[in-house]
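> Read top to bottom, the protein sequences are chains U and L. Position one of the first sequence corresponds to residue 1 (our numbering), numbered consecutively onward. Position one of the second sequence corresponds to residue 1001 (our numbering), numbered consecutively onward.
Treat the hints as calculated values from the structure; they're not laboratory data. By construction, the Cβ of each residue, glycine as well, lies at the ideal position given by its N, Cα and C atoms. Keep in mind that a hint or two might mislead.
Stated by the list, open to error - Subject to a maximum C-alpha distance of 25 Å in a straight line, what follows is the list of computed SDA-like cross-link-like pairs (lysine to any residue):
hint : chain 1 : residue 1 : chain 2 : residue 2
1    : U       : Lys19     : L       : Arg1054
2    : U       : Lys19     : L       : Thr1086
3    : U       : Lys19     : L       : Glu1186
4    : U       : Lys19     : L       : Glu1016
5    : U       : Lys19     : L       : Gln1061
6    : U       : Lys109    : U       : Gly144
7    : U       : Lys279    : U       : Glu317
8    : U       : Lys279    : U       : Asp328
9    : U       : Lys19     : L       : Ala1185
10   : U       : Lys279    : U       : Asp251
11   : U       : Lys114    : L       : Leu1184
12   : U       : Lys279    : L       : Ala1185
13   : U       : Lys19     : L       : Leu1125
14   : U       : Lys19     : L       : Asp1076
15   : U       : Lys19     : L       : Tyr1174
16   : U       : Lys234    : U       : Phe258
17   : U       : Lys279    : U       : Ala308
18   : U       : Lys279    : U       : Lys234
19   : U       : Lys19     : L       : Glu1124
20   : U       : Lys279    : L       : Val1171
21   : U       : Lys279    : L       : Pro1138
22   : U       : Lys19     : L       : Ala1040
Said to hold, decoys possible - Quick partial rundown of chain U residues pointing at chain L, CB under 10 Å, derived from the structure:
hint : residue
23   : Thr136
24   : Pro154
25   : Gly190
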Amino acid sequence: MNDDYLWDGSGEPDPEVQKLETALGRYRHNQPAPAFDRVAELRPVKVRMRFFNLRFSFQLAAVAATVVIAATLFYFLRRPNPSLDSGQSWDVARLEGTPRIGWHSLGEKSGPGKLGIGQTLVTDSSSRASITLDETGSVEVDAGSRLRMVTNGPGRKRLSLERGTIHAVIWAPPGEFVVDTPSAVAVDLGCVYTLHVDDSGAGLLRTTMGWVGFKLNGQESFIPAGAICQTRPKIGPGTPYMEDAPASFRDALSRFDFGSTTPAERNALLGILLVDARKNDALTLWHLLSRVSDADRPGVYDRLASLAPPPAGVSREGILRLDRPMLDAWWSSFGFGDINLWRTYEGDWSQRPPNARD
Amino acid sequence: MERQAVTVWPVAESREDDSLVSAARDGDRAAFGRLYGRYARMVHGILLARVPPREVDDLVQEVFLLALRRLHALRDVSRFGAWLGTITRNRANDYFRKAIPVEEATEPVSENQAESRTTNHAAELEANVILALVRVLPEPHREPLILRLVEGMTGPEIAERTGLTHGSVRVNLYRGMQLLRGKLAETARSAS
C-alpha cells in the first residue's frame, strides 16, 4: 500500500484508492457559494410599538387567526387520505410473471409501476418483482410474497412483509430502513440481507453484509454478516447463530428459543450450546447472556470469556448484573459493527409492528 | 482510470483564513464568501458522513447561514475550522431529531432521465454501496475517509481545516482505509 498517496496524493498512486476516488467523486461538493452579500442583516431589530400600533396589531392578529382557522379547516376537509396519496413512490419493476400492486397488474408490456404508501405489492407463485428508491436501496421480492409500504418520509422508510421472501440491498444510512414482520421488526444497520416470512408469521433473517437489528417487545437480536436469526409470533426474535454452526448446535438453539421445554430440558440444551460453541459462536453466547436465568449466567459468561475474552473495562461482575455499557463494549469488541448505531437509531423504530400477531 | 484531483494545502492560507474570519466577523460578506469557498468541502464531507446524500447540499447552505449568524460569538479566529465542524456535526444530529414530514410526490422521470439513469446505474450502484460501507465505519475513520476520497482533500488539509493534529488524521485515515479494504473484500466474497 502506498501511504503517501493516501495521505497527500503524492508518490506512486495506489490503484485501489484511485478507484475509490473515481467512484465516490460523484458525491463531491460542487455548489457555488450563496450570495452572502445579499443575505439580510441578521441581527434582531428592536421595534418600538406605540399604543395605536398595538391596537392595530390585535385587530390584525384576530383577522389572521380567523384566516388560519378557515384555511386549516379547508385543508383538512379537502385533503385526500394521506396514507394512500402522499409520499414518494418506490419504482416497481417486474422480474418474472405478473406481479400486482393493488388491482394493477404489471405485465410484460405494461412497464414499471409505483408502490405508494398503503399499497401492497403481491407476487403469486410464478412472479417476482424488484422495488427501488434512490438513495435508499433496492429490494427483490420473490414469488409468493405480500409486501406493503407503511411509511416513506425522509429518513424513515418502512415496509411490512406479511408473507414471502425479500432480498434487500440498502445503502441508506443505518436505521433509516425497516421492515415489519408479524413477529419482529428488522432495522437495517447498513447491509445486504434476506428476510423470509412463512404463512404462520414465523420469520428467518440471513445477513450477507453489514448487520441488521431484530426487535420485538424489548427483545433484541443483532445479526451480522454470515449469521441467521429466526423469529416466532408471540415470542419475537430468537438467538442469532452463524450459518456454519454445527447442526447439533443449531437444533439445540432452536429448541432452547422456541421449544416447550421443562427447566431440566432447558438446562440440558444450554449445556449442549456451551459445550458445542466455537469461537465463531461468541455471537450466540453474547445474546444468551441476557436470555438465561441469573443462575445460568455465570456459566455462559465463563464459556464466552474463554472463546472471546472481554475487553478492558468489562468485568465478570458487571456482565452478571447485565450492565448495558459493558455488554455493548463486549459486543463491539467482536468487530461485527458499532452497537452505538443501534442505540442511536433503534428508539425511532421501537413501536410494535402493526402486523404483529399475538 | 480518471485521476481525481487532490488539493495541496499552502501553509500561508491558514494565516489568511484568520484575516478572513476577522473581516467576516466585522461584517465583510465577501470575506465570508471566500471562507465558504475554502471550507464548503469540509462541511459537505462531514454532513455526507452522517445524513442522506440528497439532503447534504441544502444542509451545507444552512450550516453556513448559521455560522454567519453566530460568527460574532467566535472568540479565537484560528479555531474557525473546528468551530464550523462542530456546528456542522450538531446540524447533522438535529437532522435526525427533527420532526419528519412526509415527502411530496415527485415529477415523473422523463425518458431522457430514465435512459441516463440506466446507463449510469451500475456505476451509481457501486458508488452507493461504497459510500454505505464507509458510512458504517466508526465515526473517527468515516469523516477523514470521506474528506479524502470524496472531497479530494489531502491529509494535511483535513488536519488544518478541522483543527485536528496531523498524527490523529493520519492514523484515522490509514486505519479507516484498512477497515474499508476489509469490508470491500467481504462484499466481493459475498457477491461471488
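> State for each hint whether it applies.
Quick rundown of the hints versus the structure:
Straight-line distance between C-alpha atoms of lysine 19(U) and arginine 1054(L) comes to about 23 Å, which keeps the hinted pair within the 25 Å bound. Between lysine 19(U) and threonine 1086(L) the CA atoms are separated by roughly 31 Å; this puts the pair beyond 25 Å, and the hint is violated. Between lysine 19(U) and glutamate 1186(L) the CA atoms are separated by roughly 17 Å; this keeps the pair inside 25 Å, and the hint holds. The hinted pair formed by lysine 19(U) and glutamate 1016(L) fails the criterion: a straight-line CA distance of about 34 Å is larger than 25 Å.
In summary, the hint linking lysine 19(U) to glutamine 1061(L) is not supported, as the alpha carbons are separated by about 29 Å, beyond the 25 Å threshold. Taking the CA atoms of lysine 109(U) and glycine 144(U), the gap is about 22 Å. The hint holds against a cut of 25 Å. For the hint linking lysine 279(U) to glutamate 317(U), the alpha-carbon distance of about 22 Å falls within 25 Å, and the restraint holds. A threshold of 25 Å between alpha carbons decides the hint, and for lysine 279(U) with aspartate 328(U) the separation of about 18 Å falls inside it, so the pair holds.
A threshold of 25 Å between alpha carbons decides the hint, and for lysine 19(U) with alanine 1185(L) the separation of about 14 Å falls inside it, so the pair holds. Among the hinted pairs, lysine 279(U) with aspartate 251(U) is consistent with the structure: their alpha-carbon atoms are about 18 Å apart, no more than 25 Å. Of the supplied pair hints, the one linking lysine 114(U) and leucine 1184(L) is violated, its CA atoms being roughly 32 Å apart against a limit of 25 Å. Under the criterion of a C-alpha separation no larger than 25 Å, the hint pairing lysine 279(U) with alanine 1185(L) is consistent with the structure, at around 22 Å.
For the given pair, lysine 19(U) sits about 14 Å from leucine 1125(L) by alpha-carbon distance, which is consistent with the 25 Å threshold. Restraint check: the Cα-Cα separation between lysine 19(U) and aspartate 1076(L) comes to about 39 Å, which exceeds 25 Å; the hinted pair is violated. Taking the CA atoms of lysine 19(U) and tyrosine 1174(L), the gap is near 16 Å; set against the 25 Å cutoff, the hint holds. For the suggested pair lysine 234(U) and phenylalanine 258(U), the alpha carbons sit about 10 Å apart, so the restraint of at most 25 Å is met.
Under the criterion of a C-alpha separation no larger than 25 Å, the hint pairing lysine 279(U) with alanine 308(U) is consistent with the structure, at around 7 Å. Distance check on the hinted pair: lysine 279(U) and lysine 234(U) sit about 31 Å apart at the alpha-carbon level, beyond 25 Å; violated. Proximity of lysine 19(U) to glutamate 1124(L) is assessed by CA-CA distance (about 14 Å); at most 25 Å being required, the pair is judged to hold. For a cut-off of 25 Å, the pair hint linking lysine 279(U) to valine 1171(L) is broken: about 30 Å separates their Cα positions.
As the CA atoms of lysine 279(U) and proline 1138(L) are separated by approximately 24 Å, the hinted pair is consistent with the 25 Å bound. For the hint pairing lysine 19(U) with alanine 1040(L), the CA-to-CA distance comes to about 24 Å; that is within 25 Å, so the pair holds. Against a cut-off of 10 Å between C-beta atoms, the interface hint on threonine 136(U) holds, since the closest Cβ of chain L lies about 8 Å away. Annotation: interface hint on proline 154(U) holds; nearest CB of chain L at approximately 6 Å, less than 10 Å.
Evaluation of the glycine 190(U) hint against chain L yields a held restraint, the C-beta minimum of about 4 Å falling below 10 Å.
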